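Colleague: Note that the protein sequences, when read in sequence, are chains A and B.
The letter at position 283 of the first sequence is residue 283 when you use our numbering, and the numbering goes up by one with no holes.
The letter at position 187 of the second sequence is residue 187 when you use our numbering, and the numbering goes up by one with no holes.
Hints in this document: simulated from the structure, not taken from any laboratory.
All figures in this text were calculated on a predicted structure; none of them were measured in a lab.
One or more hints might be untrue.
Said to hold, decoys possible - Which chain A residues face chain B? A few, computed with CB under 10 Å, are given here:
id, residue
1, Met1
2, Pro2
3, Ala61
4, Ser112
5, Ala128
What the hints assert, rightly or not - Here are a few chain B residues that face chain A, going by a calculated C-beta distance under 10 Å:
id, residue
6, Ala213
7, Ala214
8, Asp264
9, Ser266
Each residue gets a CB set at the ideal place from its N, CA and C atoms; glycine is no exception.
So you can see what is in the structure, the chains are spelled out below.
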Amino acid sequence: MPMSDRTLVQAVRDALYEEMERDDRVCVLGQDVGLKGGVFKATEGLQQRFGAQRVLDMPLAESSIAAVAQGLALEGLLPVAEMQFADYSYPAFNQIVNEIAKVRYRSNGDFSCPLVIRAPTGGGVRGALYHSQSPEAFYCHVPGLKVVLPSTPADAKGLLKAAIRDPDPVIFLEPKKLYRAERQDVADGEAAVRPLGSATVVREGVDLTAVTYGYMRAVTAQAAARLSQDGIEVEVIDLRTLRPWDIETCVRSIEKTGRVAVVYEANRTGGFGAEIAAELAERCFASLDAPVSRIASPDVPAMPFSPSLEHAFMLNPDKVADGLRRVARY
Amino acid sequence: MAAITALDPGRDRFCLYYRNFAAALACGFTPEELMLAAFARAADPSSGGRQTPGNFGSRRRGVIIGSSTVGPQIPKAAGIGLALKWRGEGSLCYVSFGEGATSQGDFHEGLNFAAIHQCPVIFFCENNHWAISVPQRLQVAGPGVAERAAAYGIPGVRVRGDDFFAVHQAVQEAAVRARSGEGPTLIEAEVLRLQSHSTDDDQRAYRDAAELAAEAARDPIPRMREALTKRGWLNDEDDAALREEVNREVERATDAAEASPDPDPSTLGRHVYADV
């Protein structure tokens, strides 16, 4: 199978390139996606290859980025819109939540709106309050949207290709801290596609299940390695897709381990991890030997700029290991 | 009605807003279909009884499904216009809204984008000078809506919205520009609000009685009758027959819609996603 050595952001760019080659309805729009190739280089070289029409530099106005993408989708194109940071998707919130997500439902199936909105998400890059937020819970709350949050180059590529082919609108959140964190062999072409809604077991274990996603996958895996040294074996599950999320993989794991913690980077209260915890408590009550636990970021408005404050905000392997130990020892 | 009849339903796209019952009729919706929506019946072609009446949608008629928030259709129409421009078949997108919507960021974002790319879009503002109870002087800074077109380098046209022929002509001219690649036009049609905003609202509480009387005297329907009579296209007998026919059709449509079944509760979860 042909493979390429890729970072996560290169894998995103490859997915866009391959899908634009494969289907001329696919187009890309956003701020700085054309001439510059994206502030993170996720669209590098696309405009040179596919032209300024299919790779469209947009005005600095997120609502119209979402609205124009919607208009193109309603006319049969397959737009992939980029929000420069997930924090800046809020000006487009009405277009995404009231318009795009509800097109199919409110027209009783007469119209559909297949599009992808990509946005870098999460912190840990000294991005401060407005380049670090994790807004996935807002979008996971909305029927009609699908939400994907990959954590490896291969998942990013495979899930983005699947999202572009999906008949419904997909919010595709990319952990910016992982854009260049690791390289991985990533399949080329059709072999790369990965279905939405499927979790992956990152590490097997029998004592405790940790359900996580995004940048927290790597942090949780490091924490699990430390617990292993103490003889506690943690099963780490990366959800990859948040709506719909793979409940069955989590339930099967908890039936084996009897304990579960949900690890997520967003603010604790009302985070998507709270929904995961509630669902798993309901589904797994009879299997549980400990309360379902959440390990999440503190309820402060957003991630501060100062390194000391950013460090205090972010989960790290130490904090996650402490949380996991508490659940294991309960 | 005057605007839509200057366009080409079936070829053009229409982003109507939730006051556009006459426009919906002009786009091909039947009175019975509008009444099906009023009764929220399963056979309502726009949404199967899911939305409040007035949110029109029909793919085969090119009427893009609306919603109940104010203004989001404006930049959406710009996007549709971009796709139509790329297709290059000379079709255009008509989008309508009230003057209240021109306070929204989406209005400015939509005009800006459509003007940058010279999208074939007709922005049609029905300015009745009142957004529920808020008058234009507390809503629109500057002389009016049409003048805002200048900021985007596109034609801005103000017409008497109660003058059928003036509106028709303004839209026709905008359509010629759009179809020939000359880009968008903003039309401000100054219309009357002869009745209160809704059945819950009584405009006599906040509008001047003399102003209401002056507006009533400008009711476009009697003025249309006058214009048609003057041209010899309508006599009293035809007028009476037409009115009777319309009343009969409204009665028939109302009865038929009322007798039509409600949506099956088991369909509540359908069409959230493609596969359900």
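Colleague: Run every hint past the structure and note whether it holds.
Modeller: Verification of the supplied hints:
no. : hint   : result
1   : Met1   : violated, 29 Å
2   : Pro2   : violated, 31 Å
3   : Ala61  : holds, 5 Å
4   : Ser112 : holds, 7 Å
5   : Ala128 : violated, 25 Å
6   : Ala213 : violated, 39 Å
7   : Ala214 : violated, 37 Å
8   : Asp264 : violated, 12 Å
9   : Ser266 : violated, 14 Å
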